[in-house]
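Visitor: Residue-level listing of the chains:
Protein chains: 4
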Amino acid sequence: MIKAAVIGASGYIGGELVRLLAMHPEVEISAVTSRHHNGKKIHKVHPNLRGLDLRFTNNYNFDADVVFLAVPHGTSMKIIDDYVESAKIIDLSADFRVSLNLYKEYYGEHLKPELIDEFVYGLPEIHREEIRRAELIANPGCNATAVILALYPFKGEISEAIVDLKVSSSAGGRRENVASIHPERSNVVRIYKPSHHRHEAEVRQETKVNAQFTVHSVDLIRGLLATIYFKMEINEKELYKKYFRYLKEPFVRIVKEKGGMQRLPDPKYVIGSNFADIGFTYDERNQRVVLFSALDNLIKGGAGQAVQNMNIAFGLDETLGLNYLPVYPV
Amino acid sequence: MIKAAVIGASGYIGGELVRLLAMHPEVEISAVTSRHHNGKKIHKVHPNLRGLDLRFTNNYNFDADVVFLAVPHGTSMKIIDDYVESAKIIDLSADFRVSLNLYKEYYGEHLKPELIDEFVYGLPEIHREEIRRAELIANPGCNATAVILALYPFKGEISEAIVDLKVSSSAGGRRENVASIHPERSNVVRIYKPSHHRHEAEVRQETKVNAQFTVHSVDLIRGLLATIYFKMEINEKELYKKYFRYLKEPFVRIVKEKGGMQRLPDPKYVIGSNFADIGFTYDERNQRVVLFSALDNLIKGGAGQAVQNMNIAFGLDETLGLNYLPVYPV
Amino acid sequence: MIKAAVIGASGYIGGELVRLLAMHPEVEISAVTSRHHNGKKIHKVHPNLRGLDLRFTNNYNFDADVVFLAVPHGTSMKIIDDYVESAKIIDLSADFRVSLNLYKEYYGEHLKPELIDEFVYGLPEIHREEIRRAELIANPGCNATAVILALYPFKGEISEAIVDLKVSSSAGGRRENVASIHPERSNVVRIYKPSHHRHEAEVRQETKVNAQFTVHSVDLIRGLLATIYFKMEINEKELYKKYFRYLKEPFVRIVKEKGGMQRLPDPKYVIGSNFADIGFTYDERNQRVVLFSALDNLIKGGAGQAVQNMNIAFGLDETLGLNYLPVYPV
Amino acid sequence: MIKAAVIGASGYIGGELVRLLAMHPEVEISAVTSRHHNGKKIHKVHPNLRGLDLRFTNNYNFDADVVFLAVPHGTSMKIIDDYVESAKIIDLSADFRVSLNLYKEYYGEHLKPELIDEFVYGLPEIHREEIRRAELIANPGCNATAVILALYPFKGEISEAIVDLKVSSSAGGRRENVASIHPERSNVVRIYKPSHHRHEAEVRQETKVNAQFTVHSVDLIRGLLATIYFKMEINEKELYKKYFRYLKEPFVRIVKEKGGMQRLPDPKYVIGSNFADIGFTYDERNQRVVLFSALDNLIKGGAGQAVQNMNIAFGLDETLGLNYLPVYPV
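Residue numbers (UniProt numbering), protein chains in the order written: chain V, 1 to 330; chain Y, 1 to 330; chain X, 1 to 330; chain P, 1 to 330.
The following block holds chain V by itself, in its conformation from the complex:
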């Protein structure tokens, strides 16, 4: 059994990690930490987890083979020294995902620049072999995962793309904020970030495409859809072939149907699962490619991908504890 600790277990990503790890057949949870909720039963914060015999702790003196850092951006680099000797680390913050230059451009100063190169970017569909040998894994951002998976087959062929994102409220975390209360946040199509979203950095690094994000908050709790636009002379058949690389991927599905009603990706079709669904259309008239990429931001865009990385890094079957079919309709 792998001993796993979750640092920062009171947020949505943290809760989802606990949920997945508690059901994982090869994992034993050794600690779930929260300074704020120290001593409380887990279900006081995550009511779905009632029945699990777990309490939040702020005792960081635990025994773990793997430590998940589910903490805010900027915090991982402050606390990482405590764990780096003793366990594999899977960091779900943005601190070690991109090169120092990109980090400075999108985030600012870095406190541990010397560690950045030690991290592997934890997107299994691209870096599986490096993850296998990794001690330090930077888990990708939710939006970045969706966009990179869709754009990667075009690496080297296009230089820029417009990325129109529709994201859910859980991506904003469990934080009180007047703009996030139900009367304000329901029934919206709100511009969350009109340009220069931080996840662009990961896409630029991994695909060499200057992806230009505009992020809209829509009335979803979970899930996201990226719609990606660029010019290219190609056709639908060749587009299809671009994605053959994913045919053996356990967690990528190509969604492209003629007729009927379920023809292109929709976050609704992946909720509760680790799938990323990718589809496309070719607009002949305008020689324009449109890609669609959907995933559950807390699973393939967060906790699920982290578990997938853990499975790989510990030599387990990559799908262990992740083989959940999406819940539908929900």
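Treat the hints as calculated values from the structure; they're not laboratory data.
The model shown is predicted, which means the values in this text are computed figures rather than measured ones.
Keep in mind that the hints are not guaranteed to be accurate.
Said to hold, decoys possible - One side of the interface only, derived from the structure: several residues of chain X facing chain Y at Cβ under 10 Å:
1) GLY172
2) HIS196
3) THR214
To be verified - On the chain Y side, residues computed to face chain X include the following (Cβ under 7 Å):
4) LYS166
5) GLN212
6) ASP219
7) PHE230
8) MET232
In this text, a Cβ means the ideal position worked out from N, Cα and C, and glycines have one as well.
Based on the hints, put chains Y, X and P in the right spot on chain V.
Guide: For chains Y, X and P alone, kept in the frame of chain V given last:
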């Protein structure tokens, strides 16, 4: 033109008052106050009101014929002395709705007990004549309005009733609170108050029925439905007759249809309007009456009823500035 | 491996059965039938199931150890003869849940009265031992499951109760209907059935309580909450004890917390799981008990309970293939 | 008083027309027609309108100064001869909005090509003077209205733009369809039309921009947001100036704020009103303009704009019966 001031205009009830008063043909808004937002344009807080040339002020030295107190419970009784000489007051807080005894039972100590009897309970369908002469009007609670209108015809005939309420998020006000953020507050049927809700006091006072509330938060931004249960030997025809008293009421509709799909009240049918919709069913087998009462909590349950009271108290047509048909579907 | 067939696999309950059975470690799906969708891949109807190698068939000549009838009420009794000799049957329709007398009162004429007594009512928390030996199992209704679990401890002590239900749209099935389209069915608290709902029959049979249902459709896709009212002299401590019977039940959780925000059952806390959450409050002032019971109507109220029954009837660990923690927030 | 008839009054646009006309101070409704609902009271179909004394008729022999055609695309051209002599016509279908060439490209054969040139395109912000003199007015599409208003200031300066639309369920009309039922249509970001949407034709005609639409259905009942992308060397100050042309428009608001939470258009801020809200951002780094345009698809995108056109064509104050502030939050 009536000069109107809104004290506490940054909340949902306050915003709705400003919206209705701004469209009212016989009203001129003389002040909208907010300590927190002093100096800001109104649309910084109420984005729908962009285009209105109004700013929040914390200068309470204004000229007004009527002052609406849209402040939290407990605040009206602290500030009322400032206005009581100079203007009619319509208080939307709970401070002056019920007798001192009921107040003590449901709320606690009262700071202005001597003023309670000066107030008229502002439910026009029951107290229209007193409102006409009133200087001080206590605007009813949203849940109380729905329940009293439904139960009033049974006054003296029944002594208790079960009241199962389904309420919306705007009733909770514009306050930050982790339990109110979108991921937590969407997709719920949450027990907001399992028993002994404060609005029971108003129902007991006005109908002499011991109404026993259980309040559920559902995934609505606006609107509420009260389902009311009690035993009685009666039939549907006689139930119908009970409600004849409302036939000439401009803002009460009886909703009771056989067949089709719109047969009983639903908050969806009243959103954006000052209507209260009332319906009923008789369960012969169990000699049980079930009443249904729906309204828009911010309008007939708040700002709209306050404007209705103003119209009456100033001798205007009661429906002036309130004749809006509900927006549907929304 | 148990060979399982799902008759009527294109509805929501059918889809959920396929999802659960496909992930069940001891089950092999031998047929999923649909007259209408014969030949189509399963994901054409259930887009979440993309990746499963299954097609709908209308060939009813399959080999199965257990047959799930996920067909409309009235259909099971017409087709049951085809399977009754060769396999265990778990019927998810209402055809064999209640005695002939109750059936006639709530549904009408029965085509197979002689079979009714052969069926076991498939609520494991009450009939586990009979289910163990059963060949024919009638899977309870979703509303009935919630209400019976909450009321069963009061069997023999009370004679009637008011049951106010809040139900979701998936309970209405995958049927086109103007009243069910999104603009009409969103943002509602609609009276679905003001009295005499059919699931009352099951409650009367199992608990001997004359449960009087009023059913409201709310803006949920999944999940339901039953709020149950009756008079009784008792206190909260004794109420707690009533539910000790469920302490060892794998799929019943008692939700009763002081303070904090997750104190009573909410369908939001069980989505995607087989849990039924039960809680209560005692209204001293009115000597009134209020019970709350929440579940996922497609799982514990449908497909999950059917799988639980299968596990029991085949001598497997009752929780096999059902040990999913609820997905939250969703 | 203007006598107005609504042909096809049972749909969502038809219902909204009746609602607005019933509240209009200078209009008298002479007929609301529906073949299917002939004889029924209006509130049987539009439950919000309970209290209006109107019945659907299929007697087309009415007296009207203006006839609103709220019928499906393709129907107006079949029935228009009945009204063209006797009344001004405001057609809300797509039949007469674009030139014959564009019609053929996007819709197909036209039955009344000779009438197309007689129609004025009813977008008051661009064609006010022609509308003043018009007998035949083609009311713009909802998506087209949003996009044209945003792009018109760039006419002649850009040749193409990407248009990512987020639309609501009421735009799909009141039609039964499995894909539209609540369990399927809630919680989606569904690709409604990946490319070549028909409303492109109107944008091309009015702005000379090859607008390339991709239309997403989101979980809204009302409202839409268009996000529009194109390359241009400009800055935010100059972008602001582009929109000065709308400063005196009664129903266009420029929404562009620094800081705070209400800085760019959101359909949530216009619901229930005739406003179109337009905003923009300039992405310096990529020399990219992003425009945002939001409106209520049933009002400024439908019935409200039709009433605005009527006001102009009959020489009334353009805002009469349309001066409703948006309902918020809703």
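Visitor: Hint compliance check: list the failing hint numbers for this structure, sorted ascending.
Guide: Result: hints 1, 7, 8 break, sorted rising.
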